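Enquirer: Sequence:
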Amino acid sequence: MANGQWYPPEWPDRIRALADGSLTPVTPKRAATVMLLKDTGTGPSVHMLRRRSSMAFAGGAYAYPGGGVDPRDEQQIRWAGPTRAWWARRLGLEEAAAQAIVCAAVRETYEEAGVLLAGPTDDSVVGDTTGEDWEADRAALVARDLSFAEFLDRRGLALRSDLLGAWTRWITPEFEPRRYDTWFFVAALPEGQRTRNASTEADRTVWIRPTDAAASYDKGELLMMPPTIATLRQLTPYDSAAETLTAAPDRDLTPVLAQARLGEDGEIVLAWPGHDEFTKHIPTGGTPA
Numbered sequence: 354m355a356n357g358q359w360y361p362p363e364w365p366d367r368i369r370a371l372a373d374g375s376l377t378p379v380t381p382k383r384a385a386t387v388m389l390l391k392d393t394g395t396g397p398s399v400h401m402l403r404r405r406s407s408m409a410f411a412g413g414a415y416a417y418p419g420g421g422v423d424p425r426d427e428q429q430i431r432w433a434g435p436t437r438a439w440w441a442r443r444l445g446l447e448e449a450a451a452q453a454i455v456c457a458a459v460r461e462t463y464e465e466a467g468v469l470l471a472g473p474t475d476d477s478v479v480g481d482t483t484g485e486d487w488e489a490d491r492a493a494l495v496a497r498d499l500s501f502a503e504f505l506d507r508r509g510l511a512l513r514s515d516l517l518g519a520w521t522r523w524i525t526p527e528f529e530p531r532r533y534d535t536w537f538f539v540a541a542l543p544e545g546q547r548t549r550n551a552s553t554e555a556d557r558t559v560w561i562r563p564t565d566a567a568a569s570y571d572k573g574e575l576l577m578m579p580p581t582i583a584t585l586r587q588l589t590p591y592d593s594a595a596e597t598l599t600a601a602p603d604r605d606l607t608p609v610l611a612q613a614r615l616g617e618d619g620e621i622v623l624a625w626p627g628h629d630e631f632t633k634h635i636p637t638g639g640t641p642a
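Under the working numbering, think of the first position of the sequence shown as 354, with each following residue one higher.
Since the hints were made in silico from the structure, they are not lab data.
The structure displayed is predicted, hence computed values, not measured ones.
You may find that some hints are simply not true.
[To be verified] Okay, derived cross-link-like pairs now, DSSO-like style, lysine-lysine, Cα gap no bigger than 30 Å in a straight line:
| no. | residue 1 | residue 2 |
| --- | --- | --- |
| 1 | Lys633 | Lys391 |
| 2 | Lys633 | Lys382 |
| 3 | Lys633 | Lys572 |
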């Protein structure tokens with residue numbers, strides 16, 4: 354492997370099965386992930402976690418905190434920042450679905466990194482969230498014993514949607530058995546909070562500059578899925594978390610979906626539109642080039 358691009362060995366067979374009609378694509382689940390940023394002396398760093406090698410999906414790959422939408426993420430909650438209607442326009446969804454995506458982004462960041470983008474007033478954010486009572490609530494959220502709406506209501510908190518910036522959207526290829534329609538967001542680490550490895554799916558977390566993470570990927574040292582390395586490269590021009598967030602409203606949210614085609618000689622050409630670096634040419638019975 355010349356770089357750290359995640360490439361499951363079963364993909365060629367699944368791509369051919371999709372082409373001959375013997376594989377029916379799975380409907381992707383809605384999901385959200387957050388690129389959490391903090392400023393350092395040499396520009397912003399991003400919080401990343403390494404998925405456990407035992408994970409069925411992308412084991413060993415570096416990613417951001419995130420996960421699937423809980424149906425209860427559509428429940429009525431106290432909301433601060435741009436309205437649900439604004440978010441519906443920004444994400445291209447109905448209002449309830451837009452709220453669910455934003456809610457999932459905030460909830461999953463708390464569940465997996467211990468960082469909470471919410472506050473007691475519309476212009477404040479909670480401080481340290483590492484106490485035992487916070488941990489009990491976080492565990493209840495992970496277990497789905499507590500909805501995010503119930504959690505916020507119990508603590509008298511409003512979700513701070515203004516602390517998020519929608520960045521990009523990727524949909525897992527049609528030939529994958531586990532598919533997600535994922536919105537990527539950017540956010541700055543709130544003052545007084547700190548990240549920790551709160552995820553049972555990760556065995557390591559790091560704060561790393563996007564340029565350093567991309568360089569390690571290019572050397573084959575860090576394994577990543579295409580959306581992860583693509584977004585890391587997109588973060589490199591910005592000198593601060595605030596500058597990154599300012600750029601978010603102008604980002605194109607047209608979903609990126611991999612395309613696979615079969616050549617006359619049986620070669621598979623796998624491509625992600627707009628991201629030429631991920632194109633793979635897979636000969637019959639061979640390995641990707």
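Enquirer: A separate judgement is required for each hint: does it hold in the structure or not?
Expert: Results of checking the hints against the structure:
For the suggested pair Lys633 and Lys391, the alpha carbons sit about 34 Å apart, so the restraint of at most 30 Å is broken. The suggested pairing of Lys633 with Lys382 holds, with an alpha-carbon distance near 25 Å, which does not exceed 30 Å. Of the supplied pair hints, the one linking Lys633 and Lys572 holds, its CA atoms being roughly 18 Å apart against a limit of 30 Å.
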